[in-house]
Amino acid sequence: MKVIPVLDIRSGLVVRARLGDRATYAPIETPLADSPDPTAIVNGFLALHPFDTFYIADLDGIERHRPAHALVESLANRFGDLTFWVDSGIGTADEVLGGPVLPNARKIIASESMSDAVDLAPLRDSALLSLDFRGDAFMGPPAMLEDSARWPGDVIVMTLGRVGSQAGPDLERLSAIAQRAPDSRIWAAGGVRHPSDLSALAKIGIEGVLVATALHSGALSRQDLQDL
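Per UniProt numbering, the sequence shown starts with residue 1, numbered consecutively.
FYI, nobody ran anything at the bench for these hints, they're computed from the structure. Just so you know, these numbers come straight off a predicted model, no measurement behind them. Ideal Cβ positions, reconstructed from N, Cα and C, are used throughout, including at glycine. Treat the hints with care, as some may be off.
[Said to hold, decoys possible] Dumping the calculated EDC-like pairs for lysine to aspartate or glutamate here, alpha-carbon to alpha-carbon at most 20 Å: (1) K2 / D183; (2) K203 / D224; (3) K2 / D37; (4) K2 / E95; (5) K2 / D116; (6) K2 / E29; (7) K203 / E172; (8) K2 / D34; (9) K2 / E146; (10) K2 / D227; (11) K2 / E207; (12) K2 / D81; (13) K203 / D183.
[Stated by the list, open to error] Simulated DEER-style distance windows between Cβ atoms: (14) A121 / L228: 26 to 32 Å; (15) A181 / D94: 22 to 28 Å; (16) S221 / P122: 28 to 34 Å; (17) R180 / D52: 24 to 30 Å; (18) G135 / E207: 23 to 29 Å.
Please work from the sequences and hints to get the whole structure.
Okay, structure coming up:
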């Protein structure tokens with residue numbers, strides 16, 4: 001079970017995400033770092049565990065403001081041994097091929113940013129798909145959820161209403177999606193509370209998890225991460 005720390009970034013600072021209500025996100029306060037500066041937060045996570053992959057939600061880009069391309073590029077250059085998964089609000093395959101290209105960054109196409117369904121199978125190893133849910137509602141073109149032949153090799157199941165909630169992952173939905181896409185790696189995002197959740201996710205075939213709150217709070221400890 002691979003754990004990927006999450007950086008939700010707005011206006012150049014890491015913010016604390018909760019329940020997907022982005023209007024309420026405030027700069028994070030965490031025992032892992034003395035400021036919400038993204039570099040400080042990455043270093044704080046690395047002091048906890050030698051993570052090799054990080055997820056960035058560029059909230060400015062997602063909310064149709066100016067994307068934080070320069071900040072992402074700075075992080076990718078500063079931490080050249082790490083891989084960054086970046087959601088900056090792109091919604092088409094053409095946007096994966098255009099814009100900044102960084103050797104250690106992979107672009108995410110999120111269903112909530114799509115106006116039409118996209119065939120991402122040809123981008124199997126270069127792009128990631130995020131299937132976004134708010135409550136029971138899928139956010140995006142229905143065909144994107146229904147047709148797994150459109151999916152790339154890595155698929156994030158983002159349950160926004162559980163982000164930062166400590167409500168536990170949506171095991172039923174994750175299991176159903178994993179069964180439909182045996183050729184894709186499925187990543188869970190939202191609701192992870194403790195090591196028992198990781199065990200439950202592994203049992204249903206989930207490749208790994210995107211986590212922030214449980215790392216900042218210590219609910220997933222240094223020893224828990226070493227034991228994975």
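**OP:** Any hints from earlier that this structure breaks? Give me their numbers in increasing order, please.
**Re:** Per hint list: 3, 4, 5, 6, 8, 9, 16 violated.
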